[in-house]
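Chemist: Full structure from sequences and hints, please.
2 protein chains.
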Amino acid sequence: MTAFTLDQRLAADCHELTVVEDTHILLMNNRLIPWLILVPHTPEIELHRLNADTFAALMTLQHQCARFIESQFSIDKINIGAIGNIVSQLHVHIIGRRKTDPYWPGVVWGNPTREPYTPEQVTQLQTALQDHLQRPL
Amino acid sequence: MTAFTLDQRLAADCHELTVVEDTHILLMNNRLIPWLILVPHTPEIELHRLNADTFAALMTLQHQCARFIESQFSIDKINIGAIGNIVSQLHVHIIGRRKTDPYWPGVVWGNPTREPYTPEQVTQLQTALQDHLQRPL
Chain A
19 MTAFTLDQRL AADCHELTVV EDTHILLMNN RLIPWLILVP HTPEIELHRL NADTFAALMT
79 LQHQCARFIE SQFSIDKINI GAIGNIVSQL HVHIIGRRKT DPYWPGVVWG NPTREPYTPE
139 QVTQLQTALQ DHLQRPL
Chain B
19 MTAFTLDQRL AADCHELTVV EDTHILLMNN RLIPWLILVP HTPEIELHRL NADTFAALMT
79 LQHQCARFIE SQFSIDKINI GAIGNIVSQL HVHIIGRRKT DPYWPGVVWG NPTREPYTPE
139 QVTQLQTALQ DHLQRPL
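If you read the protein sequences in the order shown, they are chains A and B.
Under the working numbering, residues 19 to 155 are what the first sequence spells out, in order.
Under the working numbering, residues 19 to 155 are what the second sequence spells out, in order.
Just so you know, the hints here were simulated from the structure itself, not pulled from any lab data.
Since we're looking at a predicted model, the values are computed, not measured.
Don't be surprised by glycine CBs; every beta carbon is placed ideally from N, CA and C.
What you were told as hints is all true, and nothing was included just to trick you.
A few chain A residues that don't get close to chain B, going by computed Cβ distances all over 12 Å: (1) 21; (2) 23; (3) 31; (4) 46; (5) 47; (6) 49; (7) 90; (8) 134; (9) 141; (10) 142; (11) 151.
With beta-carbon atoms standing in for the labels, derived distance ranges: (12) 136(A) <-> 145(B): 55 to 63 Å; (13) 70(B) <-> 135(A): 27 to 35 Å; (14) 23(A) <-> 26(B): 44 to 52 Å; (15) 145(B) <-> 23(A): 42 to 50 Å.
Covered stretches of chain A, going by a simulated chain B footprint (3 or more residues, C-beta under 8 Å): (16) 60-70; (17) 75-87; (18) 93-103; (19) 111-125.
Modeler: What follows is the structure, encoded as structure tokens:
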């Protein structure tokens with residue numbers, strides 16, 4: 019595995035919660051929406067070109083993150099997206115949506131309304147996520 | 019497997035190209051954007067709650083559809099999305115994006131600009147997709 023550098027726009031928009039399975043797990047710094055981003059350490063930019071093992075590990079993490087969001091927040095729907103039109107570094111969005119959130123029923127991308135987390139909220143979510151990832155699926 | 023009925027909004031917006039692996043493959047009726055939609059025949063609405071076999075089959079189809087779009091159109095990026103805020107029936111978008119398309123670099127969802135395919139274009143894509151799905155991965 020070559021050295022990995024997180025895209026600077028992802029780094030600016032998000033908190034780095036943890037790294038597992040050669041994958042960064044980021045928290046979008048917007049407490050209006052529970053929103054995690056997986057960034058596998060790969061130069062590939064398309065999901066369908068990942069090798070089978072890397073893709074399977076990424077999907078396992080995607081499911082774990084969706085369950086984590088469900089466990090921590092009262093949500094109505096999970097949204098999954100791999101877009102990459104602006105930030106080409108491969109990343110997968112896992113987003114908890116509520117019918118009362120400010121973007122519903124639209125998608126979250128392209129919407130500038132944001133409220134940052136407090137440092138305490140980030141630490142609480144980081145600890146809870148790390149605990150969640152230790153549990154069997 | 020219980021009887022499957024395609025959501026009426028998906029049916030109104032799309033052409034039904036084929037059914038494989040208990041999954042409808044739809045073509046969004048908008049020739050500005052190469053846009054396929056997979057609709058597995060399941061009452062489940064969240065990807066992370068599908069059983070492992072159903073999820074794996076869906077991801078294989080997702081990859082095949084992404085490759086099909088790349089083979090038929092000159093594109094710059096594939097966008098993948100499972101949203102379901104408006105149509106809850108589980109469906110996965112596989113979209114070929116061009117830097118010159120009318121929505122770039124934004125996402126396609128929520129954008130009303132559309133141009134329908136001709137019947138001949140739909141038939142050509144349907145035949146090409148069915149041929150593509152017969153080939154080994």
